[in-house]
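Residue numbers (our numbering), protein chains in the order written: chain A, 1 to 93; chain B, 1 to 130.
Note that these hints are calculated values from the structure, not bench results. Here the structure is a predicted model, which means the values were calculated and not measured. Fair warning: there could be bad hints in the mix.
Unchecked claim - Computed cross-link-like contacts, EDC-like style, restricted to lysine to aspartate or glutamate with a CA-CA straight-line distance of at most 16 Å: (1) LYS3/B x GLU62/B; (2) LYS3/A x ASP47/A; (3) LYS58/A x ASP47/A; (4) LYS26/A x GLU87/B; (5) LYS34/A x ASP73/A; (6) LYS5/A x ASP73/A; (7) LYS63/B x GLU25/B; (8) LYS72/A x GLU32/A; (9) LYS5/A x GLU70/A; (10) LYS3/A x ASP86/A; (11) LYS5/A x ASP47/A; (12) LYS34/A x ASP47/A; (13) LYS53/A x GLU125/B; (14) LYS29/A x ASP79/A; (15) LYS53/A x GLU126/B; (16) LYS72/A x ASP36/A; (17) LYS58/A x GLU102/B; (18) LYS26/A x GLU25/B; (19) LYS53/A x GLU102/B; (20) LYS61/A x ASP86/A; (21) LYS29/A x GLU31/B.
Residues per chain are reported as follows:
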Amino acid sequence: MNKLKASVLMRHEVGLHARPSVKMTKLAKAFESKIDLGLSPDGPWIDAKSIVKVMATKAPKDSTIYFRAEGKDARAALDALVMLVDGDFQDGP
Amino acid sequence: MSKNVGIVIVSHSADVARGTAMMVEQMVGREVPLGWCGGDPDGGLGTNVEAIMAAIDKAWSEKGVAILVDLGGAETNSEMAIEMLPEPRRSRVVVCNAPVVEGAVMAATEAASGATLDAVRRTAEELTPA
Chain A
1 MNKLKASVLM RHEVGLHARP SVKMTKLAKA FESKIDLGLS PDGPWIDAKS IVKVMATKAP
61 KDSTIYFRAE GKDARAALDA LVMLVDGDFQ DGP
Chain B
1 MSKNVGIVIV SHSADVARGT AMMVEQMVGR EVPLGWCGGD PDGGLGTNVE AIMAAIDKAW
61 SEKGVAILVD LGGAETNSEM AIEMLPEPRR SRVVVCNAPV VEGAVMAATE AASGATLDAV
121 RRTAEELTPA
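Can you build the whole structure from these sequences, using the hints too?
Quick look at the structure:
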């Protein structure tokens, strides 16, 4: 199965710190697909569903976050994750 | 009854336990059953078995409960509290070998996805180098 990819510029003031990491991981876990996260288009990749690994990336403001996903709901997962980061990690409507 | 594993925070300090519980609630949310205890009845530092048992009861979930502790007596009293639980609860409560604040947030994030008790404990313990 092909991996779908997406990327998004993170403008959140503090970067991928505690609260954004928790929100991103919780959202990723809501999907069945395998979802990886990287800070460059070629990886290295970490499991976007692992709160410990996501928080350890410490990605600063203005990082571009790359996602790749594989599975039935991969497209929906990537759309939702990009929307979360693009929306500055605000709570959804 | 929650479909998520519950989290219990046990610290020698009531302020640390309460503050950690607040971090879990605000960072992760209220979908994870949460109990906490800390300090002695006179306002000093300490932990006690009865308070830990009450916290486990408050956070109880059929999926089990993961306990995060700070130091020494928090751990031994938590183990004693688990031993005093009747089965089938006893075998569904674990003490995580992880830092209390970070471990509680990580464990709760894992628990919020409906993960098993074993997965919740492993996530908290990922913080502790082997």
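Now for the hints, and whether the structure bears them out:
At most 16 Å may separate the alpha-carbon atoms for a hinted pair to count; LYS3/B and GLU62/B meet this at roughly 8 Å. Pair hint LYS3/A plus ASP47/A holds up; C-alpha atoms about 14 Å apart against a cutoff of 16 Å. Distance restraint check for LYS58/A and ASP47/A: the Cα-Cα separation of roughly 14 Å lies within the 16 Å cut-off, and the hinted pair is therefore satisfied. The straight-line distance between the Cα atoms of LYS26/A and GLU87/B is roughly 32 Å, outside the 16 Å bound, and the hint therefore fails.
Proposed proximity of LYS34/A and ASP73/A is supported: the alpha carbons are some 9 Å apart, at most 16 Å. A hinted pair counts as satisfied when its Cα atoms are at most 16 Å apart, and LYS5/A with ASP73/A qualifies at roughly 13 Å. Pair hint LYS63/B plus GLU25/B does not hold up; C-alpha atoms about 19 Å apart against a cutoff of 16 Å. With a C-alpha separation of about 7 Å, the suggested pair LYS72/A and GLU32/A falls inside the 16 Å cut-off, and the hint holds.
Among the hinted pairs, LYS5/A with GLU70/A is consistent with the structure: their alpha-carbon atoms are about 9 Å apart, no more than 16 Å. Taking the CA atoms of LYS3/A and ASP86/A, the gap is about 21 Å. The hint is violated against a cut of 16 Å. Taking the CA atoms of LYS5/A and ASP47/A, the gap is near 14 Å; set against the 16 Å cutoff, the hint holds. For the hint pairing LYS34/A with ASP47/A, the CA-to-CA distance comes to about 8 Å; that is within 16 Å, so the pair holds.
In summary, the hint linking LYS53/A to GLU125/B is supported, as the alpha carbons are separated by about 12 Å, within the 16 Å threshold. For the given pair, LYS29/A sits about 14 Å from ASP79/A by alpha-carbon distance, which is consistent with the 16 Å threshold. With a C-alpha separation of about 9 Å, the suggested pair LYS53/A and GLU126/B falls inside the 16 Å cut-off, and the hint holds. With a CA separation close to 15 Å, the supplied pair LYS72/A and ASP36/A stays within the 16 Å bound.
Pair hint LYS58/A plus GLU102/B holds up; C-alpha atoms about 15 Å apart against a cutoff of 16 Å. Among the hinted pairs, LYS26/A with GLU25/B is consistent with the structure: their alpha-carbon atoms are about 14 Å apart, no more than 16 Å. This hinted pair checks out: LYS53/A and GLU102/B have alpha carbons roughly 13 Å apart, not beyond 16 Å. For the proposed pair LYS61/A and ASP86/A, the alpha carbon gap of about 12 Å is at most 16 Å, so the pair holds.
Taking the CA atoms of LYS29/A and GLU31/B, the gap is near 14 Å; set against the 16 Å cutoff, the hint holds.
The structure fails hints 4, 7, 10 (numbered hints given earlier, in ascending order).
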